[in-house]
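Enquirer: The primary structure of each chain is shown beneath.
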Amino acid sequence: DVKVTQSSRYLVKRTGEKVFLECVQDMDHENMFWYRQDPGLGLRLIYFSYDVKMKEKGDIPEGYSVSREKKERFSLILESASTNQTSMYLCASSLRSSAGSEQYFGPGTRLTVT
Amino acid sequence: KNQVEQSPQSLIILEGKNCTLQCNYTVSPFSNLRWYKQDTGRGPVSLTIMTFSENTKSNGRYTATLDADTKQSSLHITASQLSDSASYICVVSGLTGGGNKLTFGTGTQLKVEL
Chain A
186 DVKVTQSSRY
196 LVKRTGEKVF
206 LECVQDMDHE
216 NMFWYRQDPG
226 LGLRLIYFSY
236 DVKMKEKGDI
246 PEGYSVSREK
256 KERFSLILES
266 ASTNQTSMYL
276 CASSLRSSAG
286 SEQYFGPGTR
296 LTVT
Chain B
2 KNQVEQSPQS
12 LIILEGKNCT
22 LQCNYTVSPF
32 SNLRWYKQDT
42 GRGPVSLTIM
52 TFSENTKSNG
62 RYTATLDADT
72 KQSSLHITAS
82 QLSDSASYIC
92 VVSGLTGGGN
102 KLTFGTGTQL
112 KVEL
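Going line by line, the protein sequences match chains A and B.
Position in the first sequence (first residue = 1) + 185 = the working numbering.
Position in the second sequence (first residue = 1) + 1 = the working numbering.
In case anyone wonders, no lab produced these hints; they're calculated from the structure.
These figures come from a predicted structure and were not determined experimentally.
Among the hints, erroneous ones may be present.
In the DMTMM-like style, the derived pairs of lysine to aspartate or glutamate whose C-alpha atoms are separated by at most 20 Å in a straight line are [claimed, not checked]:
id : chain 1 : residue 1 : chain 2 : residue 2
1  : B       : 58        : A       : 287
2  : A       : 240       : A       : 202
3  : A       : 238       : A       : 202
4  : A       : 240       : A       : 254
5  : B       : 102       : A       : 244
6  : B       : 102       : A       : 241
7  : A       : 203       : A       : 264
8  : A       : 188       : B       : 40
9  : A       : 238       : A       : 264
10 : A       : 188       : A       : 215
11 : B       : 2         : A       : 287
12 : A       : 256       : A       : 241
13 : B       : 102       : A       : 287
14 : B       : 102       : A       : 236
15 : B       : 102       : A       : 215
16 : A       : 256       : A       : 236
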């Protein structure tokens with residue numbers, strides 16, 4: 186079974202803090218993704234990566250950066266957290282970038298910025 | 002603009018009853034459509050994938066249909082159980098020059114009651 190784990194289930198940070206969200210997958214997947222999920226808006230893609238040290242902007246990359254130093258690990262960084270970044274963050278991975286590849290999701294990190 | 006609209010937004014049914022969730026999309030060119038189930042506090046899990054040539058696909062008590070001409074899909078749940086209480090998300094994959102792009106619906110929140 187594919188397993189995608191995220192470092193924290195719940196996180197509370199203060200405005201202006203630097204925040205790291207970690208994601209690890211154990212199935213040697215090439216592709217990894219970071220989404221945020223907000224009520225009424227669905228999942229929105231922040232960044233994705235098709236290979237180690239490779240990253241591509243998604244639909245809402247502003248205020249975020251990512252790092253992929255190893256194939257199994259994909260980190261999302263909030264350089265200076267703001268209250269409008271309070272959200273549920275979901276990491277996903279998939280085997281290939283082809284249209285039919287299923288994305289496997291982690292359990293999510295609920296981040297609150299005060 | 003690619004969009005995926007789901008209806009209803011929320012639904013309450015009694016255990017043992019059937020229900021149907023709807024998904025309309027404007028994604029073009031179309032590649033495939035997935036239905037995901039997201040339990041509270043967990044990441045989404047794929048239930049079924051529909052490609053252009055498929056009309057119906059079943060996964061246990063879940064049956065998905067696709068009408069590629071009208072760009073509509075439905076997810077029918079038979080003999081509902083309490084464990085079916087979750088958010089059901091329709092995700093459409095569209096072909097782009099750089100690969101596939103996913104467009105997410107905002108989900109239907111289903112609650113099954115005794």
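Enquirer: Does residue 287 (chain A) sit within 20 Å of residue 58 (chain B), going by the straight-line distance between their CA atoms?
Expert: This hinted pair holds, its Cα atoms lying about 16 Å apart.
Enquirer: Holds or violated: are the alpha carbons of residue 240 (chain A) and residue 254 (chain A) at most 20 Å from each other?
Expert: Holds: residue 240 (chain A) and residue 254 (chain A) sit about 11 Å apart, inside 20 Å.
Enquirer: When you check the alpha-carbon spacing of residue 102 (chain B) and residue 244 (chain A), does it fall within 20 Å?
Expert: Between residue 102 (chain B) and residue 244 (chain A) the Cα gap is close to 11 Å, so the pair holds against 20 Å.
Enquirer: Taken at face value, is the distance from the CA of residue 287 (chain A) to the CA of residue 102 (chain B) at most 20 Å?
Expert: Holds, at about 12 Å.
Enquirer: Quickly compare the C-alpha distance for residue 256 (chain A) and residue 241 (chain A) to 20 Å and report which way the hint goes.
Expert: Status holds; Cα separation ~15 Å.
Enquirer: Does the alpha-carbon distance linking residue 238 (chain A) and residue 264 (chain A) stay inside the 20 Å limit?
Expert: 19 Å, holds
Enquirer: Can the restraint linking residue 188 (chain A) and residue 215 (chain A) be considered satisfied, given a maximum Cα separation of 20 Å?
Expert: 14 Å, holds
Enquirer: Within 20 Å, alpha carbon to alpha carbon, are residue 102 (chain B) and residue 215 (chain A)?
Expert: Measuring from Cα to Cα gives roughly 16 Å; hence the hint holds.
Enquirer: Holds or violated: are the alpha carbons of residue 102 (chain B) and residue 241 (chain A) at most 20 Å from each other?
Expert: This hinted pair holds, its Cα atoms lying about 13 Å apart.
Enquirer: Within a Cα-Cα threshold of 20 Å, do residue 188 (chain A) and residue 40 (chain B) meet the stated pairing?
Expert: 16 Å, holds
Enquirer: Is the hinted pair residue 238 (chain A) and residue 202 (chain A) satisfied, with a Cα-Cα distance of at most 20 Å?
Expert: Not satisfied, since the Cα-Cα distance of roughly 25 Å exceeds 20 Å.
Enquirer: Hey, residue 240 (chain A) versus residue 202 (chain A), does the alpha-carbon distance stay inside 20 Å?
Expert: 23 Å, violated
In this structure, the hints that do not hold are numbers 2, 3, 11, in rising order.
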